[in-house]
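K.L.:
Starting from the given sequences, assemble the full structure and let the hints guide the process.
Going by the UniProt record's numbering, the final residue of the sequence shown carries number 334, and the count climbs one at a time with no gaps.
Calculated directly from the structure, the hints in this document are not laboratory data.
Values in this document were obtained by computation on a predicted structure and should not be read as measured data.
We put the beta carbon where it would ideally sit given N, CA and C, even for glycine.
Any given hint could turn out to be false.
[Stated by the list, open to error] Derived DEER-like restraints, expressed as beta-carbon distance ranges:
#1 A292 to T132: 18 to 28 Å
#2 E277 to H55: 41 to 51 Å
#3 G146 to P66: 19 to 29 Å
#4 D139 to H330: 35 to 45 Å
#5 T97 to K278: 30 to 40 Å
[As the list claims (entries may be wrong)] In the DSSO-like style, the derived pairs of lysine-lysine whose C-alpha atoms are separated by at most 27 Å in a straight line are:
#6 K206 to K328
#7 K104 to K5
#8 K4 to K234
#9 K234 to K5
#10 K5 to K74
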Amino acid sequence: MRNKKILVTGADGFIGSHLVESLVRAGHDVRAFVLYNSFNSWGWLDQCSADVAGHFEVFAGDIRDPNGVRTAMKGCDGVLHLAALIAIPFSYHSPDTYVDTNIKGTLNVVQAARDLEVARVVQTSTSEVYGTARYVPIDEAHPLQGQSPYSASKIGADQIAMSFHSAFDTPVVLLRPFNTYGPRQSARAVIPTIITQIANGQRRIKLGSLYPTRDFSYVEDTARGFMAALEAPKAIGEVINIGSGFEINIGDTARAIAEEMGVEIEIVTDDQRLRPEKSEVERLWADNSRAAQLLGWTPAYGGREGFGRGLGETIAWFEDKENLRQYKSHLYNI
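P.N.:
Written out as structure tokens, the structure reads:
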């Protein structure tokens, strides 16, 4: 894919903006698909690094519009499809938008890729499709369980993408990141929720359930996984986990952040942050051996030590006053 045109959907978001930066720095010709809006905002790309700004093309559109997706994809050799609705609480009361964006949006991407004979499509999945682990570490053969409308929509999107590979030989790779964290992440996610509360002087930290475990992956590792999936010759038609291989519960995550920030905290359960009992995913822990085998990818921020380094870099970004003021830590963000 060197010297080829790469389309990144969802480029204005958390992972997408980091991915655009990584691709540009690696010498790729990047077209960034951002959600059209009347403010002409490019999301996090408006604040991309100085060495990247001006070195990528922007296409403003809507992933739900097949004509716009096809237009954006013309002339592209590869597609990294990240555009999606991802907030689980919002999916409880607006599930129809998740079907339109995640499932129909993915259909638009693979249909255009098929018609335009794009050389590779990387579909973004999520560890949420596994639901609560039936065994650990979770490999790619683990059963899929739609425990929220969000996860159900992502299962549907994944199946649409892989069906095009099976039916039409569309060159699809299905990348399944576990819980990515890092600078620019939305405060609807737990790590920014904790950091922004502490950084704004709060010591009684409001959280939901403290007992679920997660496999947190630093955003630079996730971006490297996407870039590897774009080029690895054996990846087409495969489902591949991207995770750190390290499991930690939410309570211990909050305490690790507090220790890194040099404060003592009290954790308070906020009922509105609790998922419905059967919808809570209690345990996630990635088996990332297939990524090593097929992509040559291993986490640079793996294990407890790597998690600590990733937290340090994330905290440093959020503690910058210019960054912190963009977050409303006093509100519950769904």
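K.L.:
Honestly, which of those hints from before does the structure not fit?
P.N.:
As far as the earlier hints go, only 5 is violated by this structure.
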